[in-house]
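Novice: Model the full assembly from the supplied sequences, consistent with the hints where possible.
The primary structure of each chain is shown beneath.
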Amino acid sequence: MADSILTVSNLSKTFDGLKAVEDFSFAIAQGQIVGLIGPNGAGKTTVFNMITGFLAADSGEVFYQGKPLTRCPAYRIARSGMARTFQDLRLIKSLRVIDNILLSRPQQSGEHFLPAVLRRKKLRQEEAQNRQKAAELLDFIGLAEKQDHLAGALSYGQQKLLTLACCLAMEADLLLLDEPISGIHPNMIEKMLSLMTLLSASGKTILFIEHNIEAVMQVAGHVIVMDAGRKIAEGSPQMITNNPEILEAYLE
Amino acid sequence: MAYFLHILILINIYIIIAISLNLIAGYTGILSIAHAAFYGVGAYVAALLAVNYGTPFLLNLIAAMIVAGAVAAVVAFPSLRIHDDYLVIATFGFQMILFSIFNNWVSLTRGPLGIPGIPQPKIFGIAITSHVGFLILTGLLALAVYLFARRLVNSPFGRVLKAIREDEIFAQALGKNVIRYKILVFVIGGALAAIAGTLYAHYVTFIDPTSFTILESIFMISIVIVGGAGSLIGSIVGAVILIVIPEMLRFLGMPNAIAANMRQIIYGTLLVVMMMFRPRGLVGEYELR
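Chains A and B, in that order, give the protein sequences. Using this note's numbering, the first residue of the first sequence is number -11, and each one after it goes up by one. Using this note's numbering, the first residue of the second sequence is number 56, and each one after it goes up by one.
None of the hints are false.
Here are some chain A residues pointing at chain B (derived, C-beta under 10 Å):
| id | residue |
| --- | --- |
| 1 | Ala66 |
| 2 | Pro94 |
| 3 | Ala104 |
Keep in mind that the hints were calculated from the coordinates and are not lab data. Where is the CB? At the ideal position from N, CA and C, for every residue including glycine.
Specialist: Now the structure itself:
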């Protein structure tokens, strides 16, 4: 796909002789919401980890906006405009909600040693701008009144919303969300899904892993089905739901 | 009176040490027991320059900070791939290596004989010879280190350090170069410890390897833990308490030989009690993992 924002070609990963991911390829166009589904242990998170540089692939390549990311460390990939969340929900729980978002802001001069100590005025200006942006994001996810709470004091669903806000704070164009709605309250599910739709409408691209098929069908424009490390199907949500073999593979 | 001032001077020196170690262990979560070695590198660099070349105090101070910072960068490297318990053991290894350099590189350090006759400092023509003079000098430097560290930990830089302590993977996912921060914080901590080492060398005018042993490193980490990891005020409180408590033994009329052993027992007991009842330290917010 020439205009794809993310292209994954022939990724493979073996753990102790077990083929976790095998010859896995796909491409995502800008602005799409793509669901990555498959049974537990299919290798979905392993694919995420390889795309985002947390795990080295045995073979295969990843291109983001046409540029290869192979052997690029995770923090560089994160800076290039690709943000991710984690299945086991990572946040700095002992920091306040707003500080988690401030922490996520890219290219802060105050994160460098000398400016942090010496350039106080610039630092304050920069921090004020970042606070402004953080306030907007908290409004967007509906947690404005929680900004001074510790992140760990939020409900699980609110924490998942906060991880989304952190990705947005990074000014990422591509969001990789690992089970964004699993284990959260039904009201929160609706909230998260509507935010995802809104983000895609504003040009963000989303690739997400999810077990809740209904939710995937509701927001995804495109679905990739994985089983035992391989891609077994790919297409529109309708195509997937109409294919009994896939549903069977997935539900077994 | 001189004795009382001596204790205050020691407290100032240990406040600098505790704050510098707190940046590494308390704020970034890297439990290092090599800190006495950085302190020792600082003391030796200052002492050797002063004794062999008669260089002025401020130059010795800067040289000590640069060399200790460089040594700390070397110590940082293996710690980047190692975590938790293994990291403690790796820093322990560096502590042993540096101690044995102090102790065995006789042509440079005179080994166990130590370096006597380190001149008292002279800063901008003012000779510091009295206890009061040293109290002011150490107090000013301790204050400077405190203010510097406070700026650092309250800046976005400090926010990244806390993030690394809490969740390294998340910090990477946010685009933070965790390795760079770890090396930097070791260098900063090592360089600050060298300030304390320089002060100690010029104050006591004699140094030998016994001041820079693993026991000393453990004493330093005890100050940080007792005071509170991740709290600068905690480091001050910890330094005051751990310096003053053993000194009080003297007033109980305990003979010196017994008091020295009692000191170790008190530190040990204090650590065990803190771990059981208040793992985040007297004024700290976080538990050291």
